[in-house]
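Protein chains: 2
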Amino acid sequence: MYLLLVEDDLNLGRALHKLLQRQYRVHWLRTLAAARSHMEQGNYDLLLLDLGLPDGDGVDWLKSLRASGCQIPVLILSARDRLDDRVRGLDTGADDYLVKPFRPDELLARIRVLLPAGGATQSRLTAGSLSFATDTHQVYLNDEEINLPPKEHQLLAVLMQSIDKPVSRERLNQQLYGLGDGVDSNTLEVHIHGLRKLLGKDRIETVRGYGYRLVPL
Amino acid sequence: MYLLLVEDDLNLGRALHKLLQRQYRVHWLRTLAAARSHMEQGNYDLLLLDLGLPDGDGVDWLKSLRASGCQIPVLILSARDRLDDRVRGLDTGADDYLVKPFRPDELLARIRVLLPAGGATQSRLTAGSLSFATDTHQVYLNDEEINLPPKEHQLLAVLMQSIDKPVSRERLNQQLYGLGDGVDSNTLEVHIHGLRKLLGKDRIETVRGYGYRLVPL
DNA sequence: CGCTACCCTTAAGCACCCCTTAAGAAGAAA
DNA sequence: TTTCTTCTTAAGGGGTGCTTAAGGGTAGCG
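Protein sequences, first through last, are from chains A and B.
Just so you know, we're using the numbering used here here: the first sequence kicks off at 1 and counts up by one.
Just so you know, we're using the numbering used here here: the second sequence kicks off at 1 and counts up by one.
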């Protein structure tokens, strides 16, 4: 469970880092620029965002994050208490808003709320009209629940965690059969075919010589 | 990762441009006026600023930049070595100060310190406008994702790890076919030809009698 | 216990991509 | 020029991935 903490105040940052490290893996950054580049690569489960940063406004970044399709839960930490600040934060896609100063246990409680199921992974992944709930094993296509066979579900689970990024055949086979050398036949292709039949042909692209890629539609 | 290099000396500028292009995307400008207009629009991650410019003093510009709230990391390159010059540079908001002449690797080291998140990602290689993500198997040319056939992708993977350095035909053939004696024909040349067609003719130079070399553009 | 429904694996045929081959042109060295 | 290396192109064949259907396993249920 990875958290990204963006907070420029050294004392508060250090304290929060220490607090959160007891329960989660935390990256603490002090600038928007650093946060941007970390978000691009890291798969974080929650973003803790201070608004008064030295190199820009956190709300603007959050807006662009949401615009680019990023669905990570965001908790805003801010000293700004005016009502319209709060509204603006939540309107741009923040999931919660905490005004400094706050009690540590209140922060932890709100984090628990935002972290789905207290642990496993992000519980609801969305790619275009496709939505995937990791905890309840439900899959929605165009707001209708559909039923996937187990293997197809496992494949989709991996693909949904790397939306728009190719996933190697090796990785997918591993997901289906574990590390021990699995089957020697073309099961992967058959199951991919099954997925395509259920989700629509264009939703899974094949990357020749490497693997497959889920594209949002 | 975008750098803005402001340096009026043609020889030094060209050399720095070439050096930095191996790892970053660089815009090289020779006047303060050009730098001003570029800074207004471009989102740069680092500013490399020479002080002895033809149309004004870099320190004055830096001061006004900081006054207007710009927080971009700035590294000053200068021949002025007097202590008060150095102090003046740092006081007006520069993050570091390098006295000419300097060693290339020292410059690169200081850039890495100043760049958010320690600079380039290891899993993402960049040569000019070409970017290569080893983990997700993605290749970007001018910020657009492109699709490479498997063999071409394998070749590019090797070339990207030795940007600007020639790679032997032997090494490249080995990458394609393993150590066991591969093919006896001119497949390597054909695939290089394919790569050139996709990436641009000038991006891969041939080193006669030895191999090929990827140059940043 | 047997029936049914579901789904996983296998395998075979097919389509299409891309890899190889080869041969002539172009270019560099001698 | 001659000679050697590299470039370019096009055709063929092989391999990769797609599709389909049959066979067998498994779980739920009567």
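Hints listed in this document are in silico derivations from the structure and should not be mistaken for laboratory results.
There may be inaccurate statements among the hints.
Because identical chains cannot be distinguished in the list, a pair is counted as satisfied if it fits within a single copy or across any two copies.
Calculated pairs, SDA-like style, for lysine to any residue (alpha carbon to alpha carbon, straight line, at most 25 angstroms) [what the hints assert, rightly or not]:
#1 63 x 145
#2 63 x 144
#3 197 x 12
#4 201 x 134
#5 201 x 149
#6 151 x 205
#7 165 x 124
#8 201 x 215
#9 63 x 194
#10 201 x 145
#11 165 x 2
#12 151 x 108
#13 201 x 57
#14 63 x 146
#15 201 x 78
#16 63 x 177
#17 197 x 143
#18 165 x 99
Just so you know, these numbers come straight off a predicted model, no measurement behind them.
* Is it within, between, both or neither when you check residue 197 against residue 12 at 25 angstroms Cα-Cα? -> neither (32 angstroms within a copy, 54 angstroms between copies)
* To do: If the cutoff is 25 angstroms on CA atoms, where do residue 201 and residue 134 land: within, between, both or neither? Let me know, please.
  => within (23 angstroms within a copy, 27 angstroms between copies)
* **Intra/inter-copy verdict for residue 201 and residue 57 if alpha-carbon distance must be at most 25 angstroms** => neither (40 angstroms within a copy, 42 angstroms between copies)
* To do: Could you place residue 201 and residue 149 in one of the four classes (within, between, both, neither) given a Cα distance threshold of 25 angstroms?
  => both (17 angstroms within a copy, 22 angstroms between copies)
* To do: At 25 angstroms max between alpha carbons, let me know whether residue 201 reaches residue 78 within a copy, between copies, both or neither.
  => For residue 201 and residue 78, the Cα distance exceeds 25 angstroms both inside one copy (37 angstroms) and across copies (52 angstroms).
* How do residue 165 and residue 124 come out at 25 angstroms by Cα distance, when the copy is not named: within, between, both, or neither? -> both (18 angstroms within a copy, 14 angstroms between copies)
* Which holds for residue 151 with residue 205 at a C-alpha limit of 25 angstroms: within a copy, between copies, both or neither? -> Classified as both: same-chain Cα gap 18 angstroms, cross-chain 19 angstroms, threshold 25 angstroms.
* At most 25 angstroms between C-alpha atoms: does residue 63 with residue 145 qualify within a copy, between copies, both, or neither? -> between (29 angstroms within a copy, 24 angstroms between copies)
* **Identical-chain pair category, residue 151 with residue 108, by Cα at 25 angstroms** => Neither way: residue 151 and residue 108 sit 33 angstroms apart in one copy and 48 angstroms across, limit 25 angstroms.
* Given a CA cutoff of 25 angstroms, do residue 197 and residue 143 count as a within-copy pair, a between-copy pair, both, or neither? -> The answer is within: 18 angstroms in one copy meets 25 angstroms, while 32 angstroms across copies does not.
* First find the shortest C-alpha distance between residue 165 and residue 2 inside one copy, then the shortest across copies, and answer within, between, both or neither for a cut-off of 25 angstroms. => both (20 angstroms within a copy, 23 angstroms between copies)
* Using 25 angstroms as the alpha-carbon threshold, which applies to residue 165 and residue 99: within, between, both, or neither? -> neither (28 angstroms within a copy, 43 angstroms between copies)
Violation of the numbered hints given earlier is confined to hints 3, 9, 12, 13, 14, 15, 16 and 18; the remaining hints are satisfied by the structure.
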